[in-house]
Every structure is written in structure tokens, then in C-alpha cells.
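Residue numbers (our numbering), protein chains in the order written: chain A, 1 to 572; chain B, 1 to 572.
Don't read these hints as lab results, they were simulated from the structure. Some hints here could point you the wrong way.
[Claimed, not checked] Per the computed footprint, the stretches of chain B lying under chain A, defined by three or more beta-carbons under 8 Å from a beta-carbon of chain A, are:
hint, stretch
1, 37-46
2, 231-242
3, 401-414
4, 433-446
5, 519-528
Positions of the beta carbon are idealized from the N, C-alpha and C atoms, including for glycine.
Protein chains: 2
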Amino acid sequence: MHLLEKYAPPLSSRPPEGRPLDLALKLEKPILHYVSPLTPIHFLLRAALVRPNHVAVTHPEARYQFTYAQWAMRILCLALALKNVPGWKRGDRVAVLSPNVPLIADAHYGVLAANGILAPLNHAAARVILVDHSVSHLLPETLPKEVTVVVSMDSGGQHADDAYEAFLMQGYNIWKAAQRPDQQPRDWSLLEQSVDELETCALCYTSGTTGRPKGVEYTYRGCYMGAIGNAMESDLNGDTVYLWVLPMFHCCGWTFPWAVTARMGTHYMLRQVDYAQIWDALLHSGVTHYSGAPTVQLGVVNHRQAQKLPHMVRVSVAASAPSATLLGRMESLNLQPVHVYGLTETYGPNNRRFIEPEWLHFDLDTRSRLQARQGHAMVTSDETRVVQPNETSSELIDVQRDGKQVGEIVMRGNVIMKGYYRDPDATKQATRGNYFHTGDLAVRHPGGEAQILDRGKDIIISGGENISSVMVEQELAAHPWVAESAVVARAHPQWVEAVQAFVILSPEGQQALHNLDDAAANAKLLDTLNAHCRNHMSKFAIPKWYSVVTELPKTSTGKIQKKVLRERLAKL
Amino acid sequence: MHLLEKYAPPLSSRPPEGRPLDLALKLEKPILHYVSPLTPIHFLLRAALVRPNHVAVTHPEARYQFTYAQWAMRILCLALALKNVPGWKRGDRVAVLSPNVPLIADAHYGVLAANGILAPLNHAAARVILVDHSVSHLLPETLPKEVTVVVSMDSGGQHADDAYEAFLMQGYNIWKAAQRPDQQPRDWSLLEQSVDELETCALCYTSGTTGRPKGVEYTYRGCYMGAIGNAMESDLNGDTVYLWVLPMFHCCGWTFPWAVTARMGTHYMLRQVDYAQIWDALLHSGVTHYSGAPTVQLGVVNHRQAQKLPHMVRVSVAASAPSATLLGRMESLNLQPVHVYGLTETYGPNNRRFIEPEWLHFDLDTRSRLQARQGHAMVTSDETRVVQPNETSSELIDVQRDGKQVGEIVMRGNVIMKGYYRDPDATKQATRGNYFHTGDLAVRHPGGEAQILDRGKDIIISGGENISSVMVEQELAAHPWVAESAVVARAHPQWVEAVQAFVILSPEGQQALHNLDDAAANAKLLDTLNAHCRNHMSKFAIPKWYSVVTELPKTSTGKIQKKVLRERLAKL
């Protein structure tokens with residue numbers, strides 16, 4: 001990866017000349033020689049020491065990039081500048097509003113190095129706001145005067161009027177002033193950073209199960225262990241080029257800002273999910289890994305540039321699992337999906353589906369059904385349990401591993417949030433019995449893996465029977481006419497609720513229906529899909545209504561907003 | 001890996017039928033939902049849950065093997081049997097005297113699961129001694145009556161008279177008696193194991209720098225983090241078949257008993273270092289990784305069965321680095337060496353040499369010289385420093401990174417011993433300034449890597465000049481006539497000490513000298529090797545004397561015993 005030979009980084013992003021960067025991490029007193037606090041900062045410092053000239057962050061669209069030695073200097077300047085902000089104190093929040101450009105990657109290290117708390121997206125009560133120019137209009141016009149706002153032009157120092165670069169230069173000048181020719185070099189040791197590994201270092205916001213936004217507290221230890229888990233489970237290594245498709249503001253990018261650096265790989269930035277740019281990167285820039293929701297995968301595989309890649313690219317897929325159709329299409333392009341599961345409260349992926357090599361002999365449909373499960377602990381995660389739902393007691397009783405008894409997914413361990421920020425009641429309720437309660441309903445199979453049926457609030461209760469919207473969607477997605485679908489509860493005179501499906505047709509489906517008028521098309525769709533459903537589910541779960549749509553409402557992270565669909569139905 | 005279809009494990013190594021094994025780890029009170037103690041036991045329990053039918057341990061020579069589900073049951077029985085030993089209490093030592101057979105692999109989990117302390121090799125003050133039949137004669141004839149001795153016949157339960165299997169059956173019977181059909185399953189939760197991650201769980205003995213045997217204390221956290229580091233740096237994965245060439249009693253097998261299991265790979269047992277068996281395993285059993293000293297690598301590459309492997313095998317090489325000749329030979333066979341460095345006090349490998357892909361364009365000699373360095377932190381290790389030698393002060397001053405200034409290698413962090421067992425004075429001296437002092441002398445290069453010159457006591461001082469025995473040996477090994485060499489100080493009338501070399505000739509060297517009488521051969525060898533040395537080292541470092549030998553005295557772990565060579569010279 002040496003794309004941008006002509007780019008010359010600004011002073012604040014150039015390590016000192018003629019001597020190595022001092023990469024000492026200041027440790028808490030009292031220190032023990034056999035314990036170092038677990039912090040992801042360690043990954044950056046090691047990469048800068050061991051692989052100083054390897055490209056750490058590349059941003060081809062904006063024509064700039066940094067090696068690990070440059071990046072470590074840049075982040076030192078960021079941390080020094082943050083600590084220089086009037087009134088700065090340990091634990092102060094730094095909000096970051098940014099697409100996947102180096103600004104937000106810098107913040108994942110610089111804020112921690114300053115012993116601040118990284119708060120992607122949420123600017124409330126922040127001491128400092130780092131904001132990309134493309135989203136600066138989202139800030140309120142007036143902010144309290146003690147808040148420092150720094151707007152980045154994403155120039156990498158190539159334009160004189162980039163306030164973020166000027167901010168970094170403040171840090172550089174502090175560094176410069178501290179240099180004494182007659183002393184040992186002082187770079188990172190200037191920071192006097194100290195780490196208690198169980199302290200909060202990031203706050204990621206989620207609406208969670210209740211809909212009220214809550215700040216999820218991540219610790220240094222959790223970020224470190226989550227990153228190690230993802231690095232191992234995604235088989236990252238020193239050749240890794242990780243394409244930033246997943247928004248980094250979402251669960252701290254599932255800890256990949258740290259995982260990629262733990263293996264001393266390269267971060268490849270992408271300002272927006274643009275499939276032409278994704279294919280350019282896949283084909284021409286040695287990309288080896290990316291992550292995203294199935295809806296993003298659909299955009300990738302259906303793009304006109306889609307073609308079989310000369311090398312295998314590992315793709316982490318969360319939310320729902322790829323359908324047989326999508327799985328087959330991905331494999332034909334040399335995209336290998338890994339199905340992971342988690343929530344904001346679990347640093348993104350906490351567990352996954354392990355796939356045994358012998359399954360390659362199974363047909364696609366069987367494989368996609370097997371691979372759709374999850375709940376196998378990642379190496380640094382504890383066992384994922386499915387327990388009998390109980391909102392009041394802390395006693396946890398496991399469901400039978402029979403693939404039938406429905407329970408709630410609960411998790412604990414080093415890759416679980418510390419709690420909800422300044423909300424002890426919500427924390428206590430969500431972590432009763434010392435397990436985090438996900439609100440997701442699942443069965444557990446004899447092999448130990450779980451299969452998610454639904455978010456608690458998305459389940460459809462028809463004539464007293466529980467229907468998993470996820471399972472109905474998976475069956476619909478298995479039909480060749482269906483590109484994507486979402487099902488929700490709709491009021492029904494006899495059964496109280498019944499299943500309403502929203503369907504985006506595949507090109508094949510469009511072809512099959514294109515000569516018919518609306519009523520005939522709808523009737524044919526209902527006949528065909530329900531005939532398919534009858535083979536795979538109980539009668540009460542078969543959709544009663546179908547609506548063909550061209551798109552589904554989604555969150556910024558690609559999750560379907562079922563609430564919006566339900567509201568749409570309520571207005572009918 | 002399904003080598004041994006006909007083997008039926010004994011009851012103590014069969015998970016319960018008709019229900020999954022309960023793999024709950026009992027945790028300390030008070031517990032936090034976001035912290036799980038770091039313990040390698042976790043790796044076994046996860047593998048048994050996620051990959052129950054994958055071969056965990058295979059021992060083809062004795063015709064038995066265990067899947068992860070079977071192994072988890074077997075280890076549960078071992079832990080229950082240990083806790084049942086009269087007078088057993090937390091922290092009791094379990095000595096293991098065993099070659100690389102399943103007994104010692106079992107102990108790496110079973111002793112920890114019983115909250116005992118694993119003490120390979122050293123039986124003093126042990127509550128229990130687990131001993132393989134091949135070495136049981138090494139035990140004293142009389143032992144205190146409170147010591148339980150269990151001799152393993154290495155039968156895997158195939159013979160009725162195997163005391164180790166009978167011991168496991170005691171655990172099985174305890175398990176059996178605890179089963180209640182009307183209750184939740186209780187298997188691992190029976191153990192009531194609890195873990196403080198900073199508690200000692202293993203004692204590995206070393207003579208260290210002083211020659212007096214000392215017990216090196218390993219913690220649960222250290223074993224976990226060391227294993228994670230080795231799993232990542234060796235790129236272990238689920239397809240890994242790790243061939244046990246390195247003695248597992250040495251530094252707990254460099255944490256690989258846990259690292260391989262962390263990736264849910266397979267342990268391939270080998271009773272002794274037998275090169276024919278090693279080649280059989282490499283060629284026919286899908287071996288992907290092994291570790292060993294350079295002397296072992298020489299045995300591997302020079303064996304008559306040596307041939308280019310169809311797949312790449314990753315080899316961790318410690319002690320000295322492979323010479324250009326050995327490196328070239330290994331690469332031609334598809335054996336890829338990784339040069340690691342560590343001591344018993346650092347759980348084996350603590351750092352390594354990272355290799356940049358572009359070096360492949362360099363010639364072998366240049367590459368072997370570059371690769372011979374080390375000191376690049378592994379992912380879970382802290383920076384390795386080289387500091388000005390100072391036996392009395394705790395102040396640590398780094399040497400210049402100029403490849404010239406000699407200092408002592410010091411290390412700290414999660415993969416450093418807790419201390420020397422019951423020896424606070426030695427611990428305090430070895431860890432002054434909160435860094436472990438290795439006693440190894442090195443220079444540091446501008447790229448951050450270290451290059452070991454010598455153990456402190458092996459350095460040769462000739463006419464006031466320091467000579468690194470390691471550097472002289474590396475130059476000798478670079479000559480095609482030399483298979484292996486060792487140099488030590490020998491008394492010299494003028495220079496006080498001068499360099500004496502002991503040389504094992506390569507086949508080429510034997511050929512070159514084979515028609516000459518002893519005196520002529522010696523003269524020709526001296527001329528030829530010294531002409532080679534003159535191009536690569538200062539005049540005072542060139543050996544004054546050569547002795548051709550057919551073997552060099554070595555420890556059980558393959559290190560050359562220079563003390564024995566010096567004693568030999570003293571008798572001249």
C-alpha cells in the first residue's frame with residue numbers, strides 16, 4: 001500500500017527526525033512488573049515501534065495517508081491539544097461527528113491517550129466537539145461557551161484553513177516546547193497518561209430495548225479484549241487492508257479501529273457507502289476485510305462492477321444472516337461471510353457462528369440455514385446463554401438445547417459494557433443476575449449455538465402463537481423473487497395480530513410480475529410466496545398481506561426500522 | 001484429523017450421553033458482569049462448547065486421541081480426582097514428570113481447574129506427582145507419605161493396569177455420584193473452581209542467571225495473555241495441527257498448550273524428538289506448526305526423509321537464530337521460521353522479529369542477518385528495552401539505538417513472571433525498577449529491534465575487549481563447512497582470555513577435510529574459518545583454537561551447555 005507517494009504530511013504528523021519516537025506509556029502508581037493495564041493505545045505504540053513505515057491509515061479520496069510512525073506522532077499531537085483545552089480534566093467527553101475519515105480514527109486513539117471519553121455522535125455535555133465539515137450543520141447554532149468545537153476540512157494538512165489541522169499544530173507546539181536537546185527524548189511520555197483498565201473510555205449511544213437513548217460505557221479493558229477477539233475471529237494479520245464500510249461511530253466500529261492496528265494492518269477510509277468506490281477498493285487496493293449489514297452486502301453483490309475477486313475477502317455480517325441466494329452470490333465473488341452477533345452493549349460482535357470445513361459439501365440452502373445461527377463465543381467472550389425470560393428475578397435458568405424452547409439471550413464477561421452512563425437504574429435492570437439481558441429472543445440448538453428469533457418487541461403474536469419475524473423474513477429471502485423483506489404485526493379482526501410482509505423484488509421477481517396489473521401481480525406474489533412458506537413454517541406464521549416496495553426504512557447503520565413500518569400500517 | 005477411528009475412550013473421557021456437557025466456570029464473589037478473570041481454562045471450555053467433535057489431542061504412537069468434548073470431560077475428572085486427594089487444598093502443587101504425551105497436556109488444564117499449581121519436572125514439596133512410566137525411575141525411592149504418586153502407562157484407558165486412568169475414574173465416580181436426574185446438569189460447575197487472575201497457577205523451574213534452581217511463578221492472567229500472543233504471532237487458526245516437538249515441561253510449552261486450544265486446533269503428541277516420526281507427521285498428518293531450538297531444526301532439515309512439503313509449516317525458533325544456510329534449507333522445504341526470544345521468566349517467547357514482505361528480494365545471507373535479531377514486542381507484550389547495565393540502581397536508562405551501545409535486555413508487562421517462588425530477595429533483585437532483568441546483553445538497532453550478543457556470563461573478555469560468543473557462533477555457522485558451533489572463553493597467557501571454538505562439521509566440511517590427517521585438517525580448518533571470520537569481525541574476536549567434535553553437550557531443551565565446555569577446557 002503506497003498509493004500516495006506525493007503527499008507530504010504536516011509537521012504535526014511527522015515523527016522527529018534523526019531519532020526514534022519515544023513511545024513510553026506512563027503507567028499508574030503503584031505498578032507491578034507483571035501487570036500492564038489492557039488498553040488499545042498499546043496496539044498503536046507497538047505498531048509505531050515495530051512497523052513504523054507501514055501505512056496505518058489511507059484516505060485515497062482525499063489524497064492523504066499516514067504510516068504508523070506518522071500516525072503515532074499525529075495522535076500524540078491530538079492528545080496534547082486536547083489536554084491543553086481550557087478546563088480539560090480526566091474523563092472529559094469528546095464528541096466526534098464524522099463519517100469514516102481519518103478524523104474519527106484519530107479520535108479512537110487521541111481521546112483515550114488524553115484520558116478523555118470518546119463519544120461518537122453525541123455532543124451533549126462534551127468538553128470538545130470534533131466534527132467533519134460535511135456534518136457541521138447538524139450542531140446547534142449556539143453551544144455553551146466552555147465547549148471547544150473543532151471543524152475538520154479533511155485535508156490532511158493540505159489546506160491552510162483546516163481548523164482540525166490547526167488544533168493538531170497546538171499539540172505540536174506543546175511537544176516542540178518540551179524538547180530539550182540535553183535530555184532523553186520525551187514524546188509520548190509527555191502525556192503522563194495513566195490507565196485504570198476498568199475505567200470508562202468511550203460512550204456509544206443506543207436506543208436499546210426501550211427507545212430512550214442511553215450512553216453505553218466501554219472500558220479500556222473491554223476495548224482491548226474486544227479488539228483481540230475480532231482480530232482473531234476475523235483472521236486479521238499484517239497484510240490486512242480493512243475497508244471502512246461499517247460506520248465507525250457505530251459501537252466504536254465494532255472495535256476494529258483497534259483490532260486492525262493490533263495486527264499492524266491498514267485502515268482504508270471511505271467517506272460514504274458508495275458501491276462503485278467499494279468495488280474500486282476491492283479490485284485495486286488489496287482490500288482483505290470489511291464488515292456490514294446484509295443490506296450493504298446486497299448493494300455490493302448487485303453492483304454493476306461486481307466480479308469474482310482474485311483473492312478471498314472476509315466479510316463480517318451482522319444483524320440478520322445472509323440468505324442462501326445472497327450467500328451463493330457472495331461466494332461466487334470470493335466474498336466469504338462470517339455471521340456475527342452483538343449489540344452496542346457488547347462492543348458490537350460478541351459471538352459468531354463457527355463453520356466446520358465439512359459443510360462445504362452441503363447445498364447452499366442447507367448451509368445458509370446452518371450459518372444463519374450464532375451464539376458461539378468468540379475467543380475473548382464468555383459463553384452466550386439463552387435463559388427463561390424473567391423480568392423481575394436475577395435467577396437465570398437455561399432453556400433446553402432443543403432448538404425449540406424460546407428464551408432471552410444473556411451475556412457477561414470482558415466484552416460487555418460497564419453500564420449505562422449515569423443511569424444506575426437502567427444498568428441494574430439490564431444486568432440483573434450479573435448478566436447483560438439483550439432483549440433478543442432465541443432458541444438454543446444441541447450444538448450449543450443460538451438462533452435468534454426476534455427482538456422482544458418485534459415478535460408477532462397471532463391467535464396466541466408467537467411468530468418470529470426474523471424467521472419469516474429468512475424464509476421469504478430464500479425465495480428467488482425476493483431481494484429483501486421485512487415483516488411486522490398488523491391488526492387482525494380474528495387473530496388480534498397477523499403477519500404483514502414488505503417485499504423488495506429481485507430482478508427475477510420483477511421479471512416474473514412485470515406484465516401484470518397491480519392486483520394480478522399482488523395475487524400471484526401471494527400465491528407463490530405463500531406456497532413457498534407453507535413448506536417451511538407453521539400456518540399461522542404465513543403472511544396474510546404483502547406490499548411490494550422499492551426500499552425499506554433503515555437506520556444509519558443499516559438496520560430496518562420496523563417502528564416506521566408499523567406506523568405506516570397504523571395510518572392505513 | 002480422524003486417525004484413530006477404532007479407539008474407544010474410557011468412561012472418564014466420555015461426555016454424558018443425551019445432553020450437553022455443563023461447561024460453567026464458577027466465578028469469584030463479588031463478580032462484575034463486565035469482568036471475567038483471564039484464565040486459559042476458558043479456552044478449553046469454549047472449544048468443548050463450539051467444536052465438541054474436533055480432535056483436541058491426538059497421540060498416534062499410543063493409538064488414542066480425544067475430541068474437545070471428550071477432553072473437557074477427562075480434565076473435569078482429573079480436577080475432581082485431584083481435589084479428592086487427602087488433604088488437598090487450594091494452591092497445592094502437582095508435579096508432572098512426563099514427555100510430550102497427553103498426561104502433561106491434561107495437567108496444563110486439570111491442575112488449574114482444581115486451583116492447584118502445576119509444577120513440571122519439580123517434585124519437591126508436591127501434594128501429587130503425575131509421572132509417565134518412562135521416567136518414574138527418576139523419583140526418589142521414598143517420598144513423604146502425604147504425597148500421592150500416580151504413574152501413567154500412557155494407555156488412554158486401553159490397559160486395565162494404568163494407575164493414571166484409575167485416578168481419572170475416581171474423578172468420574174465423584175461426578176457420577178453428584179448427578180441428580182431431577183436437577184440441572186452439573187459437570188464443570190461441580191468443581192466450584194474460582195479464579196483470581198493474578199494468582200499463581202504454574203511454577204516452571206530455571207537455573208536462571210545464577211545457576212541456583214528457582215521456581216518461576218506464572219499467573220492465570222499471564223498464561224492467558226501469553227497464549228493469546230503466541231496464537232496471534234504464530235497465526236494459529238482452527239486448521240492448526242501443532243506438533244509437540246518442544247518439551248511441554250519447558251516454560252509450560254511456551255504457553256502453546258493453551259494457545260492451540262484458544263484457536264480450537266489439534267495437539268499432536270510426540271514422545272521423543274525422533275526425526276523420522278517428525279517427518280511422518282509433517283508429510284502425512286497435516287501438521288501446520290511446531291517450535292524448537294535451531295539444533296532441532298538442523299536435525300529436521302538434515303534427515304533423510306527431508307523433502308519439500310506441499311503446504312507451508314510455520315516454525316518458531318528460539319535461542320539462537322537460524323544461520324543463512326539453515327534458513328535457506330528450511331525455506332526450500334517449505335518450513336517458515338519465525339525467530340522468537342524469551343526466557344522461562346517470560347513464559348517463553350515474549351518478543352520476536354517481524355519480517356517485512358519486501359525482504360524476500362534480499363539474498364539469503366542478508367535476510368538471515370536481519371531475521372536473526374529480535375526484541376519486537378508480540379501483541380500482548382510490552383516494549384522490550386535495552387538499558388545501561390546497572391546492578392544496584394532501579395533507574396533504567398535506554399542505550400542508544402545505534403546497533404553499537406551494549407546494554408541489558410529488560411521487560412515488563414502481562415507476560416512476565418510474578419516472581420521467584422518463595423524467594424523475595426531474588427525477585428526483588430531481578431525486577432528492580434519494575435522491569436525484569438534478563439541478564440542478556442544486546443544492542444538496539446534504529447528500527448527498534450534488539451540483537452542479543454550474549455548471556456552475561458558467556459561473554460568473552462580478551463585483552464579488555466568484550467566479545468559476543470553469539471556473534472562469533474553466527475559467523476561460523478554462516479560458513480558452509482560448519483553445521484553447528486559453540487565458542488567459549490579459554491585462558492590465554494597474553495590476553496587473559498581468548499576464543500575457543502567447538503565445531504560440528506557439515507557434510508561439505510567433512511568432505512573437504514576427509515583425506516587429511518588430524519594436524520593438517522585442523523590447520524586447514526583454522527586457515528579457512530579464520531579467513532572467513534576476518535571479513536566479518538574484529539581481529540580480537542577471531543577464534544584462536546578450533547576443536548572438531550561430533551556433538552555438543554545440550555540441556556533437555558536443546559540449549560548448548562557452555563559450562564560443560566568450559567569445564568572440559570579447564571581439564572586440559
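Here's how the hints hold up against the structure:
no.	hint	verdict
1	37-46	holds (count 5)
2	231-242	holds (count 6)
3	401-414	holds (count 4)
4	433-446	holds (count 4)
5	519-528	violated (count 0)
Comparing the model with each numbered hint stated earlier shows that hint 5 is the single one that does not hold.
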